[in-house]
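Q: With chain P fixed as given, assemble chain R onto it according to the hints.
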Amino acid sequence: MEQLLFSLMNGVIYGLLLFMVSAGLTLIFGMMGVLNFAHASFYMLGAYFAYTLQGVAGFWPAVIAAPLLVGLIGVAVERCFLRRVHRHGHAHELLLTFGLSFIIAESIKLFYGNYPVDYRVPAPLDFSAFSIGSTQYPFYRLLMGGIAIAMFIAIYLMLTRTRVGIVVRSAIHRPSMAEALGHNVPLVFMGVFGVGAALAGLAGAVAGAFYTTNPNMALELGVMVFVVVVVGGLGSLAGAMLASLLIGIITSLAVTVDASLADLFALFGAGEWARGIGGLMTLNLSSLAATLPFALMLLVLLVRPGGLLGENG
Amino acid sequence: MNKLNLSAITVASALGAFCAMPASAAPVKIGLVETLSGPQASSGQAYRTAVRYVVDQINAAGGWNGEPVELLEYDNQGGPAGAADKLKAAAADGVQIVVQGASSAIGGQITEDIRKHNLRNPGKEMVYINMGAEALELTGEKCNFYHFRFAGNAQVRTKALVEGMKKAGALGGKVYSINQNYSWGQDMQQAIIDNQKAGGYTVVEKTLHDVNKIQDFSPYVAKIAASGADTVITGNWSNDLLLLMKASKAAGLKARYGTVYLDQPGNLANAGDLAEGNFVVHTFNAEAGGPDAEQFVQDYQAKTGHMPVFIEPQTVYGMKMVADALKRTQPANGALSVNALAQALETARIQTPMGEMSMRAADHQAQLPMVVSAVSHDARHKVDGTGMGFKPVLLLTAQQASTPAQASCKMKRPG
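If you read the sequences in order, they're chains P and R.
FYI, our numbering numbers position 229 of the first sequence as 237, with every residue one higher than the one before it.
FYI, our numbering numbers position 227 of the second sequence as 1372, with every residue one higher than the one before it.
Simulated from the structure, these hints should not be mistaken for laboratory data.
Treat the numbers as computed from the prediction; the structure is a model and nothing was measured.
Straight line, CA to CA, 20 Å or less: simulated SDA-like cross-link-like pairs of lysine to any residue:
| hint | chain 1 | residue 1 | chain 2 | residue 2 |
| --- | --- | --- | --- | --- |
| 1 | R | K1399 | P | I140 |
| 2 | R | K1394 | P | G153 |
| 3 | R | K1394 | P | D126 |
| 4 | R | K1358 | P | L261 |
| 5 | R | K1233 | R | L1181 |
Facing chain P, a subset of chain R residues (Cβ under 10 Å, in silico):
| hint | residue |
| --- | --- |
| 6 | P1184 |
| 7 | A1186 |
| 8 | S1187 |
| 9 | D1355 |
| 10 | K1358 |
| 11 | V1366 |
| 12 | G1373 |
| 13 | A1392 |
| 14 | A1395 |
| 15 | Q1409 |
| 16 | P1410 |
Note that beta-carbon positions come from the ideal geometry of N, C-alpha and C, so glycine has one too.
Chain P extracted, bound-state conformation:
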């Protein structure tokens, strides 16, 4: 029971982290139709910037400044690169961001080396919030979760309750009409891209200290973020939230299940037969934990191609 509670909480927090990164991706896609391959690279940049700045300015200023820097880079990428290839269609934009992700990863290796850097949770934040049974729950995880929830509420309110939100949403749905009504749609695009990048940067700055900050972190998270966005529905913020939590909880709970398909068959008296077949039948669910999200994505694509909360679902 304790372990279940613990796993559930771990899953929720990990899901919230996934949301922090995928929020920007889904916003950018929903608005501009750009599937930004470099998005997870912004996450990595956030972590490295925060690592560099914390040596000079301390942890909190670094966590605030790093996303701003990443946001500026995002703005520059949109203004100087994406806008130029926009008229050539989505394939070019995709290739551009794909190339960009390589350039960012290699530049990081150039400046910081191949190995993980020494970016850690600062000592004042490194304590346990409470214990369940014999296991302690780190405060920093709660902090990460809190930041993600605050972020979700802030974006949600901004999109639904403010004038900026109205313009942004109209630019998403009918860009040419919004432009005809006198709104500067390219500016809105640039802003959204910058904000999306900054959100990923914030996630990196916060999570880089808890996990590791290394040149592969974009690769490790990048794929999962795409899964989240596809499962949730491209362009849907609430969908991204739902999918992140779902994936976080599924992977976390799957680890604790030491059962295989053969055990399922055993319920119907065919356990021996299934064990005899071996292979997939005897594979423990726990060893597949990290693969389950992909199975979920497959299922969603088959049943609801638009994603859980996607518009065309």
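A: Chain R alone, transformed into the frame defined by chain P:
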């Protein structure tokens, strides 16, 4: 015009390769088929540094047959497919000695490809010098005459680790086995189970998980905590090790870690104080080796800019055994006969600061000394710019560390 020239050269060289007699006094070519780009590039580059260090020494001592030995680099891009491609390129370039270490999956591909290549091209054999692919099958079912392993394997490592931790009184009665779900991790899990009796522990639970895909290890840590284990033994490397240990620390887990790859650069810096008191089994620790070891460390640092860590020492000594075998191989028609070299490798024997190291002919598994060390502030050599280093706990000679050759190895020798 340029294109024409190029294709003309290609055709000419292809023709040349086709009907080439063993060229007179051809320099020996060593091909490093390693992961030099992509996510795991750091390991591949460490192998490269160490191999280059020894090749430079071979050449400083006059090379082979009066010619310097050539070192060619091939980037296998981190996967067996890339390795298979580059191996063909290496064969076309006339490489006779193939060196690789990072990843057992790639090692498995190379050893199979070389076996087939040698069957199809008698007289143009290649030999595979394995510096770090530690999966047991390479010296078991897949063992072949042209494969030599100069690293440990799961059985050797675990046996030494268990002995060292037991001696330090840090093993406890309950052990949790967590490993990566591929050949190496599965071997480790088996070895941890096999050593229960010798170590006087029981394996309370065992887990295999996806390789380098997991960001959040806290669910696994919850499982370890629930099992009540005193010690966690893991063959995890890179991020899988670091993230696992960080998650343990965050959850306040009291269990001690017995690891194989804690000495990978960056690990101690990143883990911080939580690394202290955990164990690693490796092939070299300067503090356990006296003045010779110190001299090697200094020379290596002078040549490469950093201390030999992680897989570098074992690669250096492996290459020194290759150098030893090369020295004893006489040129045939002015060229290197790989069969003769392989026979010389079977009897290679060198002195290292850790003790004597030799090759076992039965399965081509190097017999090498093992050191078990604990992370401590008292260590002589600090690493990663932290105040900590690896303090040796137990040094096993090659004989003590050795585990028997696998029965599944049926070595077929040429001729």
